Structures are given as structure tokens and as C-alpha cells.
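Chemist: Residue numbers (the working numbering), protein chains in the order written: chain A, 162 to 481; chain B, 1164 to 1464; chain C, 5 to 196.
Don't take every hint at face value.
Stated by the list, open to error - So the derived list for chain B, only partly shown, Cβ under 10 Å to chain C, looks like this: (1) L1223; (2) G1276; (3) Y1287; (4) L1290; (5) E1297; (6) S1313; (7) R1435; (8) V1439.
In case anyone wonders, no lab produced these hints; they're calculated from the structure.
It should be emphasised that the depicted structure is a prediction, and the values quoted were computed from it without experimental measurement.
Glycine is no exception: its CB is placed at the ideal position from the N, C-alpha and C atoms.
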Amino acid sequence: MDVRDRLTRWALQRPHVLLVAAPVGTTLRWRVETELGRRRWPAASSPADADILLTLAQIGDLDDAADVLWGQVPPPRLRVHIDSGDDISRVLDDAARALSERPAREPAEPRPLDAGDGDGDIAGLPMAGGGPDRDGMELDALTVHLGPVLPGWPAGLVVSATLQGDVMTDVGARVLGPTVGDPRPDPTLVALDALERVLIVSGWTAAAREAARLRGVLAGDGPPTADAVRRVRALVGAVRRSRALGWSLRDLRGTDERVQRWCDVVEQGVAGRPGAAALPAYVPLTDVPELLDGLDVGSARIAVAALPLALTSRDRAAQS
Amino acid sequence: MTAVVAVLAGAVLLGAAAAIADRAVTARGGPRGATTEVLRSGVRLLVKGRRTTVAGDRLLWRTGVAAVPVLAIAAAAVVPVAGRSLLSTSADLVWFNAMEALMWAAVWLVGWGPNSIHPLVGGYRFLAQGLAYELPLMFSLITAGLAAGSLRATDVVAAQQGLWFVVTMPVAFVVFVASAAAFAFWGPFASPASSDIAGGVLAELSGPDRLLVQVGRYTLLGVSAAMAAALFLGGGHGPWLPDVVWTAVKSLAVLGALVWLGRRLPVVRPDRFVDVAWMVLVPLTLVQALVVALLVLAGAY
Amino acid sequence: MPDTGLAAHLLAAVLGIVAVGTGIAVFRVDSMARATFSLLASFLAVAAMLGLLGLTYLAVVTALMMTIEMAIMAVFMIMFMMNPAGLMPMTMTHNQRGSFVAGTTTFVVLTAGVWLVDWPARGGSLPADATRQLGEAIMGSHMLVMLVIGIGLFATILAGTVLATARGRYDRFGAELDRREPSDPLPGGLPR
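Turn these sequences into a full structure, and let the hints steer you where they fit.
Modeler: Structural data, given as C-alpha cells:
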């Protein structure tokens, strides 16, 4: 029906995008995110909320993860790939057009992708076993993998844990996707990226959006304009002074100090004193399990968002 | 029958106003842009397909999802407008409380149903947060009833003829307005649906299910703002303009203030918040009730 | 004002069947979550019947209290149980013979009582404010007792909780109660 089609096209003019990016290729990711922000296309908070699954450049073994996520995106949906040399704007325009032509119903998948293969009890999945938790109670223990694609989460990181209630124990961390690639980006931008992650995960969406916009503005050529500097200072000041944010981050394994450090880096960078020495020391992946053990899922997400993780080979080289 | 339709329309309009105000405060683009965006999100959700999960409890899940908007509208049945409410019993305030409590259970069902870790964590966060907020909300409702000498919503409005209740019970007013956000898990209380658990209870919802839950949330926000205006800001009382207009103006004012303030704060972590709710809010609302009780005995009402 | 027409009788009958049916369902379903919510549905049907009888306050308060109870059950019986039995067959009955006998006897006695007792006729008319009359009837002459019992119940709950926790003041603040900040596995929102 014509009316229904036109309504669908109008409704999908601002599709929700789920971005699958590798640990390297940060610059491309930032350019894509800036363009998406300019078009006001929101980032999907989960696959159920997404219309477009966007994969960037080379994603290596993140491809399997992308397939699983694709299975969870409800129709009408579209899968798009952007390479480093592509014209981002044109690709997104084509995507928007193609999306509105997608059917609202698709033939069902032959079997759900997350059903188990084994001879477990229900739908092939085994029931969760039990075990004593930190208070000595017998709680069910569930193995869970966080990542590699979550809002406000370092790209490509997968944290596996045994969840009892929502407390994580037996934490393990690994990286998916290519880790060798382009040069390290500007420290100010890295710091703004980290701040954006923390703000997203803390639920301060207005400040997170401002941080993303400023990252896009500062990534442009030439020195930062006076207006940009003013906005950066305003954002950093608000983040530093926020009592509510400080309350959430208090006593969270040093997250508060890390956020203050990131704020320092941004301020110094914008004042014209950038330098790799200003960045906080990178935390190797092997330190992550100890840092997250015993935290609940929400706290762990905030802690990870603020961590300066060494995910790419250049970060690891810079550590030593 | 027309009354039912009027209440339904009023509740949905309040919910739409809440959603538009929310969008206008968080994004740039002004009120017209916000209205378009809210409509666009709504139509988009109607167009998207529904989801099912593996080995989920479909009956409980869909029941919870359907219950959320129904209960929000049921809570609207006791909001007094122009001296009447759709449902006018001798225990209106308790009905309002009961609808919010049922919504609390319904959102847990939305979290439990899909057999997925993020909604489950979101559902339990909502349980803990809601339980911590239940007592302060009850005490603030009772305080309004105490001052009016009746649990009927229209009596509470009538008792504010001379002086608005917010003057003598400001704590109860603030707690009640914040409870609108707490039970709609919105704003600073959005941890059951926040990004750190990938959308929480909303994580596995898509299409019409997601729309129902979002409509329910915003409707509860709007209806609670209207109830706050009726219980504490004198309802329809005011010079020159008719009752209905004053009710609308006050409700929208409370809603606007709530949305503006709520969006300036980050999401509070539930394990931090429950400490404050039990240790600070419960004694505070009790003391407020005591003060109002003494005032009632002294004949101030 | 209770309606005594045919519609009200039919509605009461339907609600009664729903209440009994969902009550039976509590023991037949295979999931603690479904059992909890069947029980809630049963209580809500009973609350609706109380509403039909014109006892509005009792109806709403029953609905409110039972909902809160079921939600807390969702925490303790589902979250903390070793096997909340989401999908596997489970059985919730014990001492089946004894409870069958006790239940049937109670049902028969109560039903016989309902039909055979000579209920007194109503003297007077419906009160204007049923809630106020209920409050005065319950608490009018027994206010002091209500207050004392209320505080006693609250103290019992607190005492029970304190006795049940494994950690006390001395674990949190040290043997001399002199630590500035308590040592908790998870910090709360207040600095205490």
C-alpha cells in the first residue's frame, strides 16, 4: 500500500545503527560516528533496537560476532559495510534508501542462532549450575560473555565471566578482530573517546553526545577554534564538578581518578600542550580480570569504559 | 463512556507530552522537531518486527509487556479533573499506589521473560529500586490524604481551597514527583533500562512490544505529574481560568520541571540509591507525616 | 455501593472460578515465576471480589499488599533458589496426603458454614465513606493496641534481619568500632 510504504520510508529516515568495529581503525570509526551524529541517526543500544548493522573496514574474526548480531536484528534491516577509502556520506545515503525498500517480513531463519547444539535440557541449552557466592549462598552460576559490541564499550573487547546474580567472578578478557593497524590517534581525541564511553555507560546522554560532537569537531584539520575550546572546557568542567557522577564513580577501583586523568588530558590537549606523555599508562589486557573480579555487571561496565586499555599492538608497544 | 474515552485520551496526551518534552530537552531541534521525532520513533516501532528469544517464558513476557501501558492508564482513572475522577472511591490514593505496584511487578516480568542476561539484570534492578522507593511513595501519598482527612482524590483537591499542600508538605511533594521518574524507570532512575546493560529490560524488545513499554513509561510519567499537581498543587484551583485549564497547566508545569531536571542528572546506580532511599527518604517522609499530623491536630486544615 | 444484580453475581462467580483455578495452577506449573504470578492472579481475583462487595479500601489494599509480597517472593524464591525451575518439571507439594485431607476438610467446613449459618440481617444503611467507617471500627477503640503491635512488628522484622546477617558492626568498623569508613564488599550510597 502506498500510504504504508511512505510511512515506512518516513519512519526509517533516522535508522538506528549498530556499529561493529575492530580495535584498530579508530579514525574511521570516529569519522563514521561523526557523520551519523550529524545526520542524527541514533546508535542502537542493542540488536533488537537496530535497523542497520554497520561493519567497518577489516573486522577479521569479529565477522562471526557480526553474524550472530545480524540474526538478532528484527526486520526491516540492512547490513552495510564501509571501507577506509569509501565516501561515508554516499554509503549512508544509499543505505537509507535501500532500507526503506526492505520487506517488513523476512522468511524465518532455519534455526535460532543461539540455541545450543548439545543435548542439554531445554532447546539444547544446559541449565545453569550452582555454586557458593561471595556471601556464602548457593546461587546459580551463569557463564556470560560481554561484548564485543555494546554501547560505551571498547571495540573488539570480550569479557567472559561467571555471573552469580549480577556479580562477576572468574573474569577473562580477550580481543577479537585485527589488532595491527593504523597509527595511534591524537591523545586528546582518545581521551574524549574514553570520556564519551564513561558518560554513555553512566547514563549522562547529553554530555556523552556533546563529547562525541566535540571529538568530531576537534578531529578536523587545523587548530581548534575558540568556540570549540570553550565548549570543551565547559564539558570537562561539568564532568569534573558533577556530584552525581562522582557519587556513581566513588569507590569503583580507581575509576574516579582515571576519569579525572582523562579530563586533564583533554584540557591540556585543547590548551595546546598535547603529548603522548600526558596519556595515562595503558592497562594490559591481563590486568583486566583482577580489576573486574567481584564487581557487578554495571560497575564492571563503568570500570572498563574508563580504562586506558592496550588493545592494539601499538598500544602494547607504547606500554613498555 | 465519554468519560472513559476522555481519560484515555488525556492519559495518552500526557504521555506524548512527556515523550516530546524528553526529546526536546535531550536533543536540539525545538518542540516541533521533538514532536516529529517522537512520532517517527513510534511509527518506526510499529513497522519493526517482533522478536522472540530462545527458551523464554513467552506468556509471562507478553503479559508483562501488555500490562505496562494498561496499568499506567488505570492509574489515570483516579486523577481528579474539575472535581471528578473516572473512578471515585473512598480509597483513590491506594488505588493509585496499587497500580504503580502492579507496574513494578509487570516490569520485572518484562525482564524475566526473555531468558536473557541484560533484561534479567534490568528487571532485578527495578525490583530493588522500586522496593526502596515504595515506602517513601506510600508515606507521601498518605500525608496528602492525612491533611485532607480522606483518601478520595477529589476530597484532597477540595481541601486545598485555601492553601496548597505543597506549602506544608514540600518533602512529600518532591518525593512523589521523583517517584514518577522512579516507577517509570526514567531519567536518573533509568538503571533498569540504561546503556550499561545494553538497554536492560528493553534490550530484547522490538516492534510493538517495545512501543507498548515505552508508551506505558511515558504515560505513567505524565499521569503521575498530573496526580502530583492535583494532590499538592491545588488541582484545578486558581483565579480566572476554568478548572480543567488550571489542571492542565499545573500538570504540564510539573512535567516540564521533572523532565528538565531529570535529564540534567546521570543515571544513579541502584546499589547507591537504595541506601539513600532506606536510610534518608523513609525517615524524612515519616517526619513529614508527623509534622502534617500535628498540624491536623492543631486544626490548621 | 455493592451491586446485587445478575451481572454482579455472574462476575463474582467468574472471579471465584479464576481465583480457585489460578490457585490450583500454582501447584501445577513448572516454574517458580509462573507459580508466583498465578498466586498473584488468584489474590487479585479475590481483591476484585472484595471490590464487588463494595469494600473498596480492602480490595485495593489487598491488591497492593499482595503485589508487593509477590514481587519480594520473586526476589527471594526465584533469585535465591537453587533451582527456580524456569522450564523443567518441578513439584511444589509435600506431605500430599495430609495436606489433601486438611484442605478438603477446611473447604467442606467453610462451604457448609457459608450456606448453613443464619447470617444476621443488615441494620442500618451503607455508610457514606466506607473507608472511614472501617478505620474507626478497626482502630477507634483499640488505637493504643494497634500502635504497640505496629511498633512490635517493626522491631521484630528489624531484629530478625539483624540476626540473619552474617556481618555486624564489628566486622564493618573493626573490633574497637573505630574505623572511619566501613569495610563492605560493596559500598553503599551513603558514607557510613
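Chemist: Could you run down the list of hints and mark each one as holding or not?
Modeler: Taking the hints in turn, this is what the structure says about them:
1. Among the interface hints, the one on B/L1223 holds; its C-beta lies about 6 Å from the nearest C-beta in chain C, closer than the 10 Å criterion.
2. Here the hint on B/G1276 is kept, as its CB sits about 9 Å from the closest CB of chain C, short of 10 Å.
3. Interface hint status for B/Y1287: upheld, as the beta-carbon distance to the closest one in chain C is roughly 7 Å, under 10 Å.
4. Interface hint at B/L1290: satisfied, since its Cβ lies 6 Å from the closest Cβ of chain C, which is below the 10 Å cut-off.
5. Taking 10 Å as the C-beta contact cut-off toward chain C, the hint placing B/E1297 at the interface holds, the least distance being around 7 Å.
6. Given the 10 Å rule on beta carbons, the hint for B/S1313 holds: about 7 Å separates it from the nearest Cβ of chain C.
7. The interface hint given for B/R1435 is met, as the beta carbon of that residue sits about 3 Å from the closest beta carbon of chain C, less than 10 Å.
8. For B/V1439, the interface hint holds, the least distance from its beta-carbon to any beta-carbon of chain C being 5 Å, beneath 10 Å.
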